[in-house]
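As a plain string of letters, each chain reads:
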Amino acid sequence: MFSLFRKSSGGLLAASGIDMSMPLDSAPYVVMDTELTGLDFRKDSIVSVGALRMTGTRIELGRSFYEVVRPSTELTSKSIVIHEITHSETEQKPGIEGIMESFLRFCEGAVIVGHFISLDLRFLAKEMKRIGYGSLKNPAVDTCVLHEWMSQNRGDLSSKYFNDAESKDLFALAKKFQVPVHGAHNALMDAYVTAQLFQRFINMLITLGVRTLRDLLRIGKP
Amino acid sequence: MAVIQEEIIEFLGKVPPFQFLDGAALKSIAQNVSMDYYPKGMVIMKQNEPASEHLRIIKKGGVKVFITSEDGDEVVIDYRGEGDTFGFLSLIGKDKVRANIVAVDDTICYLLDKDNAQKIMNSQPVFTEYFLKSHLTKYIDRTYSEMHNKSMMYGGSDRILFTSQVGDIAIRDVVSVKEDATIQEAALIMCQNKVSSLVIYDENDFPRGVVTDRDLREKVVAKNRSVADQVKNIMSLPLIRVDATDYCFEAVLKMIKYNIHHVLVVRDGVLKGVITNHDLMLLQGTSPLSFAKDIENQHTLEGLEPLATKLNKIIGLLLKEGAKASNITKIISELNDRLVKKVLEIAEKKFGAPPVSYCWVAYGSEGRKEQTFKTDQDNAIIYADPKTPEQEEAAKKYFAEFAVFVRDGLIKSGFPPCEANYMASNPQWCQPISVWKKYFLGWIQHPNPEALLRSVIFFDFRGLYGNLSLAGELREYLIRNLKDQNIFFARIASLILKNRPPLGFFRSFTVNKEGEHKDQLNLKLSGIGPLVDLIRLFALESGIHETSSMERLHAMKESHPIAIELGDEIEQAFEFINLLRIHHQLDQMERKVPLDNFINPTKLSNLEKKSLKESFQLILRIQDGIAEIYRAGMVGG
Numbered sequence: 001m002f003s004l005f006r007k008s009s010g011g012l013l014a015a016s017g018i019d020m021s022m023p024l025d026s027a028p029y030v031v032m033d034t035e036l037t038g039l040d041f042r043k044d045s046i047v048s049v050g051a052l053r054m055t056g057t058r059i060e061l062g063r064s065f066y067e068v069v070r071p072s073t074e075l076t077s078k079s080i081v082i083h084e085i086t087h088s089e090t091e092q093k094p095g096i097e098g099i100m101e102s103f104l105r106f107c108e109g110a111v112i113v114g115h116f117i118s119l120d121l122r123f124l125a126k127e128m129k130r131i132g133y134g135s136l137k138n139p140a141v142d143t144c145v146l147h148e149w150m151s152q153n154r155g156d157l158s159s160k161y162f163n164d165a166e167s168k169d170l171f172a173l174a175k176k177f178q179v180p181v182h183g184a185h186n187a188l189m190d191a192y193v194t195a196q197l198f199q200r201f202i203n204m205l206i207t208l209g210v211r212t213l214r215d216l217l218r219i220g221k222p
Numbered sequence: 223m224a225v226i227q228e229e230i231i232e233f234l235g236k237v238p239p240f241q242f243l244d245g246a247a248l249k250s251i252a253q254n255v256s257m258d259y260y261p262k263g264m265v266i267m268k269q270n271e272p273a274s275e276h277l278r279i280i281k282k283g284g285v286k287v288f289i290t291s292e293d294g295d296e297v298v299i300d301y302r303g304e305g306d307t308f309g310f311l312s313l314i315g316k317d318k319v320r321a322n323i324v325a326v327d328d329t330i331c332y333l334l335d336k337d338n339a340q341k342i343m344n345s346q347p348v349f350t351e352y353f354l355k356s357h358l359t360k361y362i363d364r365t366y367s368e369m370h371n372k373s374m375m376y377g378g379s380d381r382i383l384f385t386s387q388v389g390d391i392a393i394r395d396v397v398s399v400k401e402d403a404t405i406q407e408a409a410l411i412m413c414q415n416k417v418s419s420l421v422i423y424d425e426n427d428f429p430r431g432v433v434t435d436r437d438l439r440e441k442v443v444a445k446n447r448s449v450a451d452q453v454k455n456i457m458s459l460p461l462i463r464v465d466a467t468d469y470c471f472e473a474v475l476k477m478i479k480y481n482i483h484h485v486l487v488v489r490d491g492v493l494k495g496v497i498t499n500h501d502l503m504l505l506q507g508t509s510p511l512s513f514a515k516d517i518e519n520q521h522t523l524e525g526l527e528p529l530a531t532k533l534n535k536i537i538g539l540l541l542k543e544g545a546k547a548s549n550i551t552k553i554i555s556e557l558n559d560r561l562v563k564k565v566l567e568i569a570e571k572k573f574g575a576p577p578v579s580y581c582w583v584a585y586g587s588e589g590r591k592e593q594t595f596k597t598d599q600d601n602a603i604i605y606a607d608p609k610t611p612e613q614e615e616a617a618k619k620y621f622a623e624f625a626v627f628v629r630d631g632l633i634k635s636g637f638p639p640c641e642a643n644y645m646a647s648n649p650q651w652c653q654p655i656s657v658w659k660k661y662f663l664g665w666i667q668h669p670n671p672e673a674l675l676r677s678v679i680f681f682d683f684r685g686l687y688g689n690l691s692l693a694g695e696l697r698e699y700l701i702r703n704l705k706d707q708n709i710f711f712a713r714i715a716s717l718i719l720k721n722r723p724p725l726g727f728f729r730s731f732t733v734n735k736e737g738e739h740k741d742q743l744n745l746k747l748s749g750i751g752p753l754v755d756l757i758r759l760f761a762l763e764s765g766i767h768e769t770s771s772m773e774r775l776h777a778m779k780e781s782h783p784i785a786i787e788l789g790d791e792i793e794q795a796f797e798f799i800n801l802l803r804i805h806h807q808l809d810q811m812e813r814k815v816p817l818d819n820f821i822n823p824t825k826l827s828n829l830e831k832k833s834l835k836e837s838f839q840l841i842l843r844i845q846d847g848i849a850e851i852y853r854a855g856m857v858g859g
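Residue numbers (my numbering), protein chains in the order written: chain A, 1 to 222; chain B, 223 to 859.
Hints in this document: simulated from the structure, not taken from any laboratory. No incorrect hints appear here.
If you want the ones that stay clear, here's a sample from chain A, every Cβ over 10 angstroms from chain B, calculated:
id, residue
1, Met20
2, Leu39
3, Phe116
Lysine-lysine pairs mimicking DSS-like chemistry, simulated, CA-CA at most 25 angstroms apart:
id, chain 1, residue 1, chain 2, residue 2
4, B, Lys445, B, Lys400
5, B, Lys262, B, Lys282
6, A, Lys176, B, Lys262
7, A, Lys221, A, Lys129
8, A, Lys126, A, Lys93
9, B, Lys740, B, Lys835
10, A, Lys221, A, Lys137
11, B, Lys281, A, Lys176
12, B, Lys634, B, Lys552
13, A, Lys175, B, Lys281
14, A, Lys221, A, Lys175
15, B, Lys262, A, Lys175
16, A, Lys176, B, Lys282
17, B, Lys735, B, Lys720
18, B, Lys400, B, Lys441
19, B, Lys341, B, Lys281
20, A, Lys175, B, Lys282
21, B, Lys740, B, Lys720
Going by beta-carbon spacing under 7 angstroms, a handful of chain A positions derived as facing chain B:
id, residue
22, Thr57
23, Arg58
24, Ile59
25, Glu60
26, Leu61
27, Asn203
Every value quoted in this text rests on a predicted model; they were computed, and no experiment measured them. Don't be surprised by glycine CBs; every beta carbon is placed ideally from N, CA and C.
Given the sequences, and given the hints that come with them, work out the whole structure.
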């Protein structure tokens with residue numbers, strides 16, 4: 001397992017300027033979540049973005065990002081039921097172009113972390129393209145993929161955490177790893193739950209021999 | 223972010239020293255903390271490593287603090303759990319970490335960085351003080367004021383106005399008259415009912431106004447109005463009312479605002495009474511002093527009866543006014559003493575002069591002046607040694623009847639009988655002084671379990687009424703005969719060591735696992751009892767006369783080694799546990815459920831929990847010291 005990581009190729013710095021040899025437990029992360037009008041990539045769009053900064057396992061509660069935006073497509077009644085964001089709440093909000101700059105700045109220099117993050121990233125990329133931004137340079141890892149990897153390489157870790165048959169959604173995992181879940185269901189609170197899950201994963205990954213960001217990205221790519 | 227921050231603020235608001243900070247300070251902290259997670263077994267801080275950059279507050283889980291000696295031995299200093307902090311010393315010391323800290327459970331911590339911690343320390347002295355001073359001593363005042371605040375709306379000397387509800391004070395019935403009555407008829411009704419105000423109803427039984435003494439003075443006498451005029455012409459309008467659940471100061475405010483002396487009291491929309499400025503003045507007079515006068519004015523058992531219930535109400539008020547536990551128990555004892563004396567006076571009147579002089583003594587908690595609300599009888603009679611067989615016969619007969627009468631009188635006055643029959647009405651505890659001396663000497667010289675049990679109860683005796691020199695003589699005798707009785711003391715010590723405070727390994731409280739009091743612990747048995755027992759042991763060793771635990775401590779402050787070293791801490795622990803207990807019982811009284819000494823420690827605030835733990839630890843520490851001292855004597859004991 002060790003040799004596998006050591007062999008890894010690529011330069012010292014990723015495209016985003018992040019030092020890939022940084023140890024897992026001191027690297028900068030942005031844990032994020034978005035809420036969407038729906039899951040149809042062509043018809044739907046982002047309603048809110050929530051994100052928290054982490055340094056290693058430490059969640060910086062004072063450094064958070066949360067914005068509700070006026071979606072570029074229609075809010076559907078189905079999505080309103082899920083995230084409880086209504087037309088009247090989004091009417092006065094800026095479109096996503098109004099918050100993109102500050103969001104990208106918030107993410108600067110950090111590895112992006114999320115649960116089923118590819119979905120969020122795909123919508124984000126679509127919006128960025130639409131409003132004329134380039135693509136997101138930050139490397140990203142998916143907590144769901146990390147969990148999958150750990151369940152296959154769990155080594156000494158307790159098997160109670162890794163049962164293939166179980167649901168892999170955020171809240172099922174939160175429950176399993178004893179992450180407290182309460183408060184409203186929004187992009188920031190979900191990012192907070194994801195961050196706490198990732199907190200626990202970092203410690204487990206280290207005991208499994210995952211040392212650096214480079215190692216992490218290898219096993220956790222969305 | 224709001225939700226996450228609210229969660230932090232809510233948590234810190236219950237954790238010392240953060241709970242002493244105001245809302246703005248907490249908010250600024252919440253905006254600057256981070257959160258970390260340490261799985262069980264993880265080393266969070268290592269001895270001799272560079273100083274920590276954060277103050278950590280345990281949100282969930284627990285850590286072990288230990289140091290490793292040069293030869294590699296591990297010495298555990300402390301276990302810390304939810305609400306505790308660590309890393310402060312190394313944070314302000316700017317040097318190395320002094321101890322190892324390992325998570326003994328999956329642990330979540332809030333982290334406050336050095337700069338922000340420094341900022342709070344600079345602006346909030348209470349914060350620094352908390353960390354720097356020795357623990358128990360500084361908690362006590364804060365815990366005390368914390369409890370106190372629960373029942374207080376505002377500060378200041380008029381506090382009682384802010385803590386009593388109008389409904390508790392306005393006990394007067396509404397006296398009323400129809401609006402077509404004449405002024406003279408109205409005045410007559412006021413005289414007959416000895417009231418200074420009258421509510422005027424219209425024909426539909428709807429209250430329309432009030433007539434007061436002042437109206438009679440200003441609108442009738444001064445204006446030379448005919449008393450045959452209708453009363454409705456002089457009534458004051460409109461009706462100013464307060465709700466029975468309003469605090470008294472609101473009634474005062476309305477009186478000032480409308481320049482009136484009477485306010486109607488409404489409960490659930492129905493007129494229930496009138497409150498006057500006189501009532502409010504009397505409120506200040508609901509003092510132990512006026513109560514003592516009430517007792518003095520009674521001359522029959524029947525007259526004493528209602529006073530007993532009033533006593534508990536006064537204690538409740540005292541507590542709300544912020545009296546300290548030891549003062550409250552002192553006042554309770556003082557008032558109880560007066561009631562007992564009154565019953566004895568009444569008995570003396572009934573039975574005539576006794577054949578020989580006697581002393582009525584109290585012991586147990588009554589002897590120590592440490593009674594709370596619930597007090598049963600613990601009393602005895604010591605009488606002077608009769609000189610002839612006839613006198614002996616007469617004394618026996620007289621005191622037997624006398625004691626039974628007093629017992630029954632006390633039961634009527636609210637003192638339930640002692641279940642173990644430790645009462646003067648039991649012939650065994652109604653004896654001439656020579657027999658009492660024999661009892662005492664026997665218990666000291668043959669300290670079997672029964673003798674020990676009796677000695678700890680009776681040795682707290684105190685003369686309460688009659689020929690007090692008899693009690694004084696017995697006390698001198700006891701002190702003389704306890705000198706160098708090391709076997710007796712060792713037996714007492716081993717008895718004490720059987721009752722260890724309920725503190726578990728992880729500094730958690732050990733509570734009852736089942737039964738009626740599941741998850742609860744007994745404050746009297748597990749906290750006050752051990753302290754009282756320890757202090758009694760020291761007092762008997764020192765040969766002092768005092769019987770109350772606090773007075774004993776003060777008397778020994780310069781003579782007994784343990785009292786010298788730990789006297790202040792013992793006093794504070796005693797105050798604290800007693801205060802908890804009294805508040806608990808007051809709460810039960812207000813909820814009208816039977817009083818007991820059981821509390822559920824998880825229901826305490828973090829500060830209270832901490833203070834209780836510190837108190838228990840202090841007891842354990844002293845008990846260990848005693849075990850050391852008396853080890854030899856306890857062999858085979």
